[in-house]
Amino acid sequence: MFHAFRVLARDPLFAFGVGFVAIMAIAAAFAFYVAPYPSQGRGLAAEPPPSCPGQPTAIAGVCPPSVAHLFGTEQTGRDLLSRVIFGMRTSLLIGVYTVTLAVVIGLSVGLSAAFFGGWVDETLMRITDIFLSFPHLILALVIIATIGPGFTSVFVALGVTWWPSFARLARGKALSVRTQNFVLAAKAAGTSNWNIIIRHILPNSLAPLTVQMSVDMGVAILAEAGLSYLGLGIRPPTADLGVLIFESQNFLTTAWWLALFPGLVLFLLVLSFNLIGDRINTYLDPRQSALIVKRLQFTTPVGR
Amino acid sequence: MAVVVLGTITVTFILSHMIPGNPAILFAGQQATPQEIADWTKRLGLDQPLYVQFGVYLKNILTGNFGLSWSYSYDPILPLIQQSLPNTFTLAAIATALAALIGIPLGVEAAKRGGTRVDSILRVFSVSFVAIPQFWLAQLLQLGFNVYLHVLPLSSYGGTLLYTQLHPIQTITGSYLVDALLSGNFAGFGAIAWSLILPVTALSLYPIGVVTRQTRSAMLGILSQDYIRTARAYGVPERQINYRYALRNALPPVIVILALVFAGSIIGVVFIEDVFALQPGIGRLISQSTGTGITSSAIGAVDYPLVLALTVFVVIIYTVSNFVADMLHIYLDRRLIR
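Chains as they are written, first to last, in our numbering: chain Y, 21 to 324; chain E, 8 to 345.
Keep in mind that the hints were calculated from the coordinates and are not lab data. Heads up, some of the hints might be wrong.
If you want the footprint, here are the derived chain E segments under chain Y, 3+ residues with CB under 8 angstroms [as the list claims (entries may be wrong)]:
no. : segment
1   : 11-19
2   : 149-156
Beta-carbon label-pair distances, calculated as ranges [what the hints assert, rightly or not]:
no. : chain 1 : residue 1 : chain 2 : residue 2 : range
3   : Y       : LEU304    : E       : PRO112    : 48 to 58 angstroms
4   : Y       : VAL180    : E       : PHE61     : 45 to 55 angstroms
5   : E       : ARG342    : Y       : PRO257    : 57 to 67 angstroms
6   : E       : LEU75     : Y       : ASN215    : 35 to 45 angstroms
Just some of the chain Y residues that point at chain E, by a computed CB distance under 10 angstroms [to be verified]:
no. : residue
7   : THR172
8   : SER173
9   : VAL290
A virtual CB, placed ideally from N, CA and C, is assigned to each residue, including glycine.
Work out the full structure, taking the sequences as your base and the hints as a guide.
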């Protein structure tokens, strides 16, 4: 594991991904201390609204970037940098919740299918197939349209549409674990099914899911921003990157910073997760990892 | 395939019964008398047992009766969708074609130079294309090419509406672009094509990235095989090896991805049609029906019959694309027939 990380960290793109995600995670965790105007980040209006003399866009407190407001300000004078930090925090939280929910459902389905086999396996996997051939976003959209928008709705809707790939991965791995001697031994010793699944099969089936989790974090964050952009996710005044981009639409011709900064942070965040997942995938794929090793030989001294 | 569509219909049916509020009241109006509400309950079949309602729902869908839209002054839904499909299909088809024309050669190049600097750069581009939020990219393009460079129109069919009033486009297929071309209205075709440059760019970067990566990984698997080495030993030109011998065998999984890209573009279109105010279109209908799109009238008013009908439609498009992909896969790769 540690060796794998050292090999991977030599790749600048992987390092960038990990670094950016780490910085964002820290900024999100300490948003109240990092953001210059935490109360505005949470959605309260600026008191008093900032004035930007000589600027043609001083409508409703929208000011271009300055020293006091590095990313400029948005409607009602809120500091955009603070909004972006809090929005990014929302994105990360939704991403973590969605993927966690998806992994929990996926693991339960996948492990049960693999362990019990027979008709349980058949039924569960057919259901998984149906969900897999279903466009995620449209299902999430319908669910939210029914239960109403909001933080919980978003991650629940995304989570319950997201699990099939995890179920498949977990089942595949668990099938090979199930026939191993230590599982047979546990069975012979009279351990209950539940205990075997939790204590023996689960820990040994987690590894292949980690790559998928990294990639899905990015996709889930993107999906959440898309839903919020359509008004089906987080509702203002809670900060959210999708909502910020949606709101910037009205100011496109007058205030470029409103569109640029939230989108840039969203893009880099998704990109980072994708780069991490992509690199680990390449590393695990023997056909492609040969290429990395070949390239690393040119860039690092032999013998380490 | 049929199972997936049936499953979807079941899900939408269940969801339609989870809607808060009584549909009969929504149809009858808030000031309706109990008698009127009872009439509507009977008319909508809400007094029947659930399984009967499900049967009626299924029969209606099979006969193309998706009910009445709430947001479009109680118009029947099917014509609304029929009128929107051609334009959306045109956008999705162009995006898919671009993904194939640009993505496949890029993927071949990346695989050919696997592990080199070119490969790395292409990888950064393709991963970035996949990570860019389409609605943000659309805004950036508007900002750059319209607000600052003043070269391309901000919104599409809307920007050409004035023009099309002067030179009306005959309705043949329902797709503006195709109709203009078919009816020989080349000026109109040019104007519409010009206005579609930004939307199509915003829509197709994601598929280009996906196809590039897929082609690359498929090609890498092929290029290391013995028959390629044999061809090389025989002195077959490198270009011919890559495109005639290797690509042909790498193509089946790429074709599958292309079919998925086409279906996936229908989702991307929701954002693109919204940002560029392209109308009519499926994406526009979706954002309108959820009552929350940029141009929708009342925020929070969800047009459930339309949402559910659109879901069934999108899933049908999805499953048909999947099915076509599978068939093509088998056709291209005869080893799959056993």
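Evaluation of the provided hints:
{"no.": "1", "hint": "11-19", "verdict": "holds (count 5)"}
{"no.": "2", "hint": "149-156", "verdict": "holds (count 3)"}
{"no.": "3", "hint": "Y:LEU304 x E:PRO112: 48 to 58 angstroms", "verdict": "violated (28 angstroms)"}
{"no.": "4", "hint": "Y:VAL180 x E:PHE61: 45 to 55 angstroms", "verdict": "violated (22 angstroms)"}
{"no.": "5", "hint": "E:ARG342 x Y:PRO257: 57 to 67 angstroms", "verdict": "holds (58 angstroms)"}
{"no.": "6", "hint": "E:LEU75 x Y:ASN215: 35 to 45 angstroms", "verdict": "violated (55 angstroms)"}
{"no.": "7", "hint": "THR172", "verdict": "violated (16 angstroms)"}
{"no.": "8", "hint": "SER173", "verdict": "violated (13 angstroms)"}
{"no.": "9", "hint": "VAL290", "verdict": "holds (4 angstroms)"}
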